[in-house]
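Residue numbers (my numbering), protein chains in the order written: chain A, 413 to 629; chain B, 413 to 629.
Derived by calculation from the structure, the hints in this document are not laboratory data.
Possibly wrong hints are sitting among the right ones.
[Stated by the list, open to error] One side only, chain B facing chain A, incomplete, derived with CB under 10 angstroms:
#1 Asp426
#2 His442
#3 Gly591
#4 Gly599
#5 Glu601
We put the beta carbon where it would ideally sit given N, CA and C, even for glycine.
Number of protein chains: 2
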Amino acid sequence: MSLVRVHNFSISLDGYGTGEGQSLESPFGHAADRLHRWFFGTRTFRRMQGREGGGTGVDDAMARTWADGIGAEIMGRNKFGPQRGPWQDEDWKGWWGSNPPFHTPVFVLTHHPRPSVEMEGGTVFHFIDATPEEALRQAREAAGGKDVRIGGGPRTVRAFLEADLIDHLHVVVVPIVLGRGESLWAGLEGLEERFDSEAVAGPSGVTHLTFTRRGTA
Amino acid sequence: MSLVRVHNFSISLDGYGTGEGQSLESPFGHAADRLHRWFFGTRTFRRMQGREGGGTGVDDAMARTWADGIGAEIMGRNKFGPQRGPWQDEDWKGWWGSNPPFHTPVFVLTHHPRPSVEMEGGTVFHFIDATPEEALRQAREAAGGKDVRIGGGPRTVRAFLEADLIDHLHVVVVPIVLGRGESLWAGLEGLEERFDSEAVAGPSGVTHLTFTRRGTA
Numbered sequence: 413m414s415l416v417r418v419h420n421f422s423i424s425l426d427g428y429g430t431g432e433g434q435s436l437e438s439p440f441g442h443a444a445d446r447l448h449r450w451f452f453g454t455r456t457f458r459r460m461q462g463r464e465g466g467g468t469g470v471d472d473a474m475a476r477t478w479a480d481g482i483g484a485e486i487m488g489r490n491k492f493g494p495q496r497g498p499w500q501d502e503d504w505k506g507w508w509g510s511n512p513p514f515h516t517p518v519f520v521l522t523h524h525p526r527p528s529v530e531m532e533g534g535t536v537f538h539f540i541d542a543t544p545e546e547a548l549r550q551a552r553e554a555a556g557g558k559d560v561r562i563g564g565g566p567r568t569v570r571a572f573l574e575a576d577l578i579d580h581l582h583v584v585v586v587p588i589v590l591g592r593g594e595s596l597w598a599g600l601e602g603l604e605e606r607f608d609s610e611a612v613a614g615p616s617g618v619t620h621l622t623f624t625r626r627g628t629a
Numbered sequence: 413m414s415l416v417r418v419h420n421f422s423i424s425l426d427g428y429g430t431g432e433g434q435s436l437e438s439p440f441g442h443a444a445d446r447l448h449r450w451f452f453g454t455r456t457f458r459r460m461q462g463r464e465g466g467g468t469g470v471d472d473a474m475a476r477t478w479a480d481g482i483g484a485e486i487m488g489r490n491k492f493g494p495q496r497g498p499w500q501d502e503d504w505k506g507w508w509g510s511n512p513p514f515h516t517p518v519f520v521l522t523h524h525p526r527p528s529v530e531m532e533g534g535t536v537f538h539f540i541d542a543t544p545e546e547a548l549r550q551a552r553e554a555a556g557g558k559d560v561r562i563g564g565g566p567r568t569v570r571a572f573l574e575a576d577l578i579d580h581l582h583v584v585v586v587p588i589v590l591g592r593g594e595s596l597w598a599g600l601e602g603l604e605e606r607f608d609s610e611a612v613a614g615p616s617g618v619t620h621l622t623f624t625r626r627g628t629a
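Construct all of the structure, not just a fragment, from the sequences and the given hints.
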């Protein structure tokens, strides 16, 4: 069965998955890198960058499950880049350089479709104007029976949770108070009723929460 | 040194320390008992009720530190009871029966002072209209050199955090999304800069976060 999964989704104590004031210089706004420092220390992250070393404890173990069995990703346009509205610059190909870490088809949700972009290493960006259900249908087809990852940002994850399309949700609670930004939890009252949850703290100070849809475990 | 401490303060994933619609029948509003179920299973809670049994794992270890070394409590009026505005019913003596679990002076913050109420077992409720700083001055005097506990609710804890008067903060994050209620974190952006923090998950599914003011450890 092809599952829909969210991994390594970092939020602050007050539930924000990104800060305010996102821009080319500050992809996470005033949150800067504070939501993701736990990840930079992991072996998984180092490998993505072609580097050695990094921790191999619980933070790494949780981070590592990110790519396993994934056949496609769906992401919001704000994760893909800082532009809003009609595309001013079609040369923009994401934050990740010529060989992005996805290595699968990636469906970017946008009200402004544009031609697909093929990158090195198997990543192909498709730009679609679609509901969560329709985006998932296309991603599943492209994934060839494998799982689909919902890559964020917060608004995109929230939309898929609202539509009850997520089977596995891994949230990393970072012990900071951002005060403002984009909330993961807004509008999701009672979410826990659809999931079994588990919590484990890492020595980096973050807490890994996993939500597994009841009936899929 | 007399410290100011918060213990066993439960919040939802979205940061609410109480639900919406608090009343005599529902002291925590629509949250009902969901924020405190982890506590009911502990030996500490059973003992408070004069009962035996209960778990003795990490949830209990964290809960148990609640009373140790405390000489006075400060609480908001909404923790004391469901009445708002001028007191209609001075016979109301709190939710806790004739022998409340505090066993110390308790300062209830209210814009409507009333005569103090002496209970069995050493608890005396004082009703004062005071700033956090002034309330703490009175509580410290009554505590005779011991620590002062800030007992909640969320608005009261927040006011003391805003005034930077808290030395030790123990928050219990419960894996539920309440969606609405009284937020603990609102207005506290950057709180973590003043504290060292630690996280540990309990088998009940909650995460215990402790914040220790830098310089007091």
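We went through each hint and held it up to the structure:
{"no.": "1", "hint": "Asp426", "in the structure": "holds (4 angstroms)"}
{"no.": "2", "hint": "His442", "in the structure": "holds (9 angstroms)"}
{"no.": "3", "hint": "Gly591", "in the structure": "holds (3 angstroms)"}
{"no.": "4", "hint": "Gly599", "in the structure": "holds (7 angstroms)"}
{"no.": "5", "hint": "Glu601", "in the structure": "holds (3 angstroms)"}
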